[in-house]
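Colleague: One letter stands for each residue in the lines below.
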Amino acid sequence: MQEITGTSNRILEVNLTKKSFSVYEVPKEDLKLYLGGKGLALKMLYDRMEPGIDPLGEDNMIAIHTGVLLGTGAPCSGRFAAVTKSPLTGIMTSCSCGGAFGMALKTSGWDGLIVKGKSNTPVYLYVDSKGVEFRDAKKLWGMDTQKTQEEISKDSGGALAIGPAGENLVLYANVASGHRFLGRGGMGAVMGSKNLKAISAKGKEFKILPVNQKKFEKAKKKATDYINGNDISAGSYRNFGTNANVNLNNAGGLLPVRNFTGGTHGEAHKISGEEMAEKFKTSYSTCKPCTILCGHKGNINGQMRQIPEYETVGLMGSNLEIFDPVKISDFNEICTLMGMDTITAGGTIAWAMEATERGLFKSDLKFGSADGVCEVLKDIAHMKGIGKDLAMGSRYCSKKYGGEDFAIQVKGLEMAAYDPRGAFGQGLSYAVANRGACHLSATAFGLEVYLGLMDAYSYRSKASMVKYQEDIYSAINSLQTCVFTVFPYELETLLMKYSPRPVLKFMMNLMAGVAMRFVDVSLWPELWSAVIGNRLGMTAFLRVGARVQVLERVMNCAEGISRKDDTLPDRLLNEFRKCDSKERAIPLEKMLNRYYFVRGFDKNGIPKERTVRRLKIKKRMAV
Amino acid sequence: MEDIIITLKLYSGLEKELKIPDYNVNSGVIIKVNKGTKLKNIIADSGLQKLSGYAFFSGGERINLRTKFMESAEISCLKISGGG
Ligand code: SF4
Numbered sequence: 232m233q234e235i236t237g238t239s240n241r242i243l244e245v246n247l248t249k250k251s252f253s254v255y256e257v258p259k260e261d262l263k264l265y266l267g268g269k270g271l272a273l274k275m276l277y278d279r280m281e282p283g284i285d286p287l288g289e290d291n292m293i294a295i296h297t298g299v300l301l302g303t304g305a306p307c308s309g310r311f312a313a314v315t316k317s318p319l320t321g322i323m324t325s326c327s328c329g330g331a332f333g334m335a336l337k338t339s340g341w342d343g344l345i346v347k348g349k350s351n352t353p354v355y356l357y358v359d360s361k362g363v364e365f366r367d368a369k370k371l372w373g374m375d376t377q378k379t380q381e382e383i384s385k386d387s388g389g390a391l392a393i394g395p396a397g398e399n400l401v402l403y404a405n406v407a408s409g410h411r412f413l414g415r416g417g418m419g420a421v422m423g424s425k426n427l428k429a430i431s432a433k434g435k436e437f438k439i440l441p442v443n444q445k446k447f448e449k450a451k452k453k454a455t456d457y458i459n460g461n462d463i464s465a466g467s468y469r470n471f472g473t474n475a476n477v478n479l480n481n482a483g484g485l486l487p488v489r490n491f492t493g494g495t496h497g498e499a500h501k502i503s504g505e506e507m508a509e510k511f512k513t514s515y516s517t518c519k520p521c522t523i524l525c526g527h528k529g530n531i532n533g534q535m536r537q538i539p540e541y542e543t544v545g546l547m548g549s550n551l552e553i554f555d556p557v558k559i560s561d562f563n564e565i566c567t568l569m570g571m572d573t574i575t576a577g578g579t580i581a582w583a584m585e586a587t588e589r590g591l592f593k594s595d596l597k598f599g600s601a602d603g604v605c606e607v608l609k610d611i612a613h614m615k616g617i618g619k620d621l622a623m624g625s626r627y628c629s630k631k632y633g634g635e636d637f638a639i640q641v642k643g644l645e646m647a648a649y650d651p652r653g654a655f656g657q658g659l660s661y662a663v664a665n666r667g668a669c670h671l672s673a674t675a676f677g678l679e680v681y682l683g684l685m686d687a688y689s690y691r692s693k694a695s696m697v698k699y700q701e702d703i704y705s706a707i708n709s710l711q712t713c714v715f716t717v718f719p720y721e722l723e724t725l726l727m728k729y730s731p732r733p734v735l736k737f738m739m740n741l742m743a744g745v746a747m748r749f750v751d752v753s754l755w756p757e758l759w760s761a762v763i764g765n766r767l768g769m770t771a772f773l774r775v776g777a778r779v780q781v782l783e784r785v786m787n788c789a790e791g792i793s794r795k796d797d798t799l800p801d802r803l804l805n806e807f808r809k810c811d812s813k814e815r816a817i818p819l820e821k822m823l824n825r826y827y828f829v830r831g832f833d834k835n836g837i838p839k840e841r842t843v844r845r846l847k848i849k850k851r852m853a854v
Numbered sequence: 122m123e124d125i126i127i128t129l130k131l132y133s134g135l136e137k138e139l140k141i142p143d144y145n146v147n148s149g150v151i152i153k154v155n156k157g158t159k160l161k162n163i164i165a166d167s168g169l170q171k172l173s174g175y176a177f178f179s180g181g182e183r184i185n186l187r188t189k190f191m192e193s194a195e196i197s198c199l200k201i202s203g204g205g
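Heads up: the sequence lines are chains H and P, in that order. Okay, so the first sequence: first residue is 232 according to the numbering used here, each after it adds one. Okay, so the second sequence: first residue is 122 according to the numbering used here, each after it adds one.
Rather than coming from a laboratory, the hints here were simulated on the basis of the structure. Treat each hint with caution, since some may be false.
[Said to hold, decoys possible] Some but not every residue of chain P turned toward chain H, in silico, with C-beta under 7 Å:
#, residue
1, Y132
2, V146
3, I201
[To be verified] Here are the computed distance ranges between Cβ atoms for each label pair:
#, chain 1, residue 1, chain 2, residue 2, range
4, H, N805, P, Q170, 37 to 47 Å
5, P, K161, H, V557, 36 to 46 Å
6, P, I126, H, A816, 30 to 40 Å
7, H, K821, P, A165, 34 to 44 Å
8, P, K159, H, L440, 55 to 65 Å
A virtual CB, placed ideally from N, CA and C, is assigned to each residue, including glycine.
Using the sequences and the hints given, assemble the complete structure.
Modeller: Here's what the structure looks like:
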């Protein structure tokens, strides 16, 4: 086997219209400024795509980047990033994904892939070290995501595939890599619009070696020890998966209930991670490599299935008032096979249930009843009946039928399963997140409710905290590695572990911006430096995160995004919940003003020129 | 001194660690304490150790170990987790 030391720095640029490909070498400066993963993928599109293009047209592109850690054996590094312009939101969407595809692409000798143009007939791409083959996919068209991967697995180490939802241009169709997904924003529809059914990579042609093996092994050992010693990574995640959040969110008033009208429910424990672990006799089914092991599978009614993630359980369970884990697993299975995002599907169905109840929309869907949900999900995937409207998401449906105040979305993306009325910082985080109401841009609820280090109902210090979290998550997604490493890699450091809790709390509540500067985030840049051989310090690492975050905002502003879009649904701003001890309103405007200030944006939410210059974001290069 | 009733609900497998037989998540563990008792003392009485690894909630909000209970209440006790 041949070896790649550090990174190949080579990207395959594929033109589906011309059925041709070329090789793009990432400039050294871009690697330093954007690291890889989400950062480089975004930069590659920034230089290639004009604003205003049709997300489902020939001019849209998909950029995939595997990051420098994948293939090295670093803990939780079995992830890659993909970026495109979302047909659901009309702005950029970026996703991180596990599964075998990333490893197969990287060990075929490629760090990434740019796909542009449109094929006139269905094709799939086969990638190996020599380049790309364009293969006929007529026989695959109509197949579900898992069967498609099976069909093309003979000469491939891993594949990306869309299901019928992607083919039919459901605006929130996703892309499967094994049983993991490029989940949010409709990347599957973008592939479908290009007549691109799948991408497979041969893999195992190259071995990836760090430049500084000794330094790498040292950092890897420290990372493994941190993960194995941390209560969150080696406890809750490993034992109960992300569904450990169900009981926690129910107790803390964050659980979405009945289309975000309530934050707690007496039956929530029935769909919790603890309950599912026992009932379904779960075992691990994770990204590879992974040390945290949050993914689980289990025996559900005699079938071995992937256990639904927390977001699915929140949006397709408690938010629909359905507390039967088998039914939720059925919904999850349909979305998996059809290739649809469960968060947007759940959020849109919740809107449909409420709109039906209010006489705005005609359907048989009812809160508390699983009847008809499976059929509606299949109709969405095939664009049939009411599925045709619901396939466009809740923003579209509420504009057409009414009920915009209870369409729980921001910038067109349905909200993840944490009600921000139980954690105000999370409200800010949803309002400003680049891809819409996303929970992976900043997890403010973690500090506010889970760790209890900040007052959940105060606006103080929230802007600095959200900015910090956005920066660190963007940097982690650019390495790339799993964002769940944030808990062990930060919380197991000496300062966080041994500082008295009241001191931490005092600092966080009064001056999060200053407190965050003392957080030791050295482990991630240590891993990157060992693999690449260039030194990357903590400050530079966080600055990469800020650069990626602002670059994405610059691209979104070019699409017309500004302050008017950084908001929350009416329900969350103006309706109070019975589960709260007091009536409290999320002080969004106050937090937003402060956020723009700490980010270096003007009052309208547009990055100032000096912010862009300071972060070394150059003008579009037109590659 | 007046007594109040605390219903302690345990999650994250804590009932197994405390070896409570036939634990019922609907009813929890009922504890009678004096009015004004702090959470710290209620928890210590229940046998939980290493308090920093847990999160405590009452009435849908996070509470801390110094919280005093003046009336009967339900407390949820869980191990902390990350996001999803
Ligand atoms: S912790 Fe979960 S999401 Fe992260 S790499 Fe492991 S299995 Fe994948």
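Colleague: Taking the hints in turn, state whether each one holds.
Modeller: Status of each hint after checking the structure:
Of the supplied interface hints, the one on P:Y132 holds, with its beta-carbon coming within about 4 Å of a beta-carbon of chain H, less than 7 Å. A least Cβ separation of about 5 Å between P:V146 and chain H falls short of the 7 Å threshold, and the interface hint therefore holds. The beta carbon of P:I201 comes within 5 Å of a beta carbon in chain H, closer than 7 Å, and the hint placing it at the interface holds. At roughly 44 Å, the beta-carbon separation of H:N805 and P:Q170 lies within the given 37 to 47 Å, and the hint holds.
Taking 36 to 46 Å as the suggested C-beta distance range, the pair P:K161 and H:V557 conforms, at roughly 40 Å. Taking the beta carbon of each, P:I126 and H:A816 are about 33 Å apart, inside 30 to 40 Å as hinted. Between H:K821 and P:A165 the CB atoms are about 40 Å apart, so this pair conforms to the stated range of 34 to 44 Å. Between P:K159 and H:L440 the Cβ separation comes to about 56 Å, which falls inside the hinted range of 55 to 65 Å.
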